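Protein sequences, first through last, are from chains A and B. Note that full-length UniProt numbering has the first sequence beginning at 1, numbered continuously upward. Note that full-length UniProt numbering has the second sequence beginning at 1, numbered continuously upward.
Derived by calculation from the structure, the hints in this document are not laboratory data. Check before you lean on any hint, since a few could be wrong.
Claimed, not checked - Cβ-Cβ distance ranges computed for the label pairs, FRET-style:
id, chain 1, residue 1, chain 2, residue 2, range
1, B, 120, A, 99, 32 to 40 Å
2, B, 73, A, 1, 18 to 26 Å
3, A, 10, B, 33, 30 to 38 Å
4, A, 55, B, 80, 16 to 24 Å
Note that this is a predicted model, so its numbers are computed, not measured. Just so it is clear, CB atoms sit at the ideal spot from N, CA and C, and this is done for glycine as well.
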Amino acid sequence: MAFQILVNIIIAVTWMFLQNSYTATSFLFGYIIGIIILFILRRFLVFNFYMNRVWAIIKLIMLFIIELIKANLDVIKIVLSPKLNNQPGIVAVETRLETNVEITLLAALISLTPGTVSMDFSSDGKTIYIHSIDVPDKEDMIEQIRNSFERAIMEVTK
Amino acid sequence: MNVNEISEFIAAVLMLAGSIMAVISAVGIIRFPDVYTRSHAGTKSSTLAVLLTLLGAFLYFAIAEAFVSVRLLLGILFVFLTAPVAGHLIIRAAYRAHVEMADITIEDELKEVISQKEEEKDQSHLR
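If we strip away everything but chain A, and leave its shape as in the complex, we get (with noise of 0.2 Å):
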């Protein structure tokens, strides 16, 4: 990945040099051809167009944006409720993640998602144990939640 951005760079450098105007425009516009021509050669490159990757990033902050406000909205709801009568638990969730960045990233999205904070890790970095404001009805919930997160990061990182 970092190999084909930098392919581009100098593409969009060279652009800038055939054109001989150095300015932040031509480095954009040239930057966007390099895009495409990396796009048509996408067959002879070693790993996948790169551009996927960076499609999987901005879906990963949209994902993350509408989790937020949806965890807030939830969290309003029960802090203005008369009555306290969420039932609050500790379960552990097992990941298919596997290096620290990636069970990093997915413990931080949980602590920012509706109803949940992560606790602590099991040793081997294969359990998280999350706590959990409603158990009861939030248990399917919250694997659903968990394996659209998870299969966002994988696809950042496959």
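Model the placement of chain B on the given structure of chain A, informed by the hints.
The following block gives chain B in isolation, referenced to the frame of chain A:
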């Protein structure tokens, strides 16, 4: 109303929403029964509160004074990076220090793991 006033109005609404979120987060910290549930209100709501307030300030300065402040954007980024980690560390430390959970808690899958770990540590001390 021209474009400038409308965008200043949007900035004001963002800041107002941010301060309301901060108040709700404070109410949550008072109302919830134990450390663990309080951290829910503490991490999520105050993160969004800071985000909305800083975004409103950024928009206001960008439109009214034509001054793009990158520091505000960096502030948003740093709060986003650090707030979940801080919440995680605080409740992790609380759990390891055997802080009681609220009575309404119905499930605890971490208890066995921690007690097992502590037993192992005790045995290695004895040896």
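Going down the list of hints, with the structure as the test:
1. 120(B) <-> 99(A): 32 to 40 Å: 27 Å, violated
2. 73(B) <-> 1(A): 18 to 26 Å: 25 Å, holds
3. 10(A) <-> 33(B): 30 to 38 Å: 59 Å, violated
4. 55(A) <-> 80(B): 16 to 24 Å: 21 Å, holds
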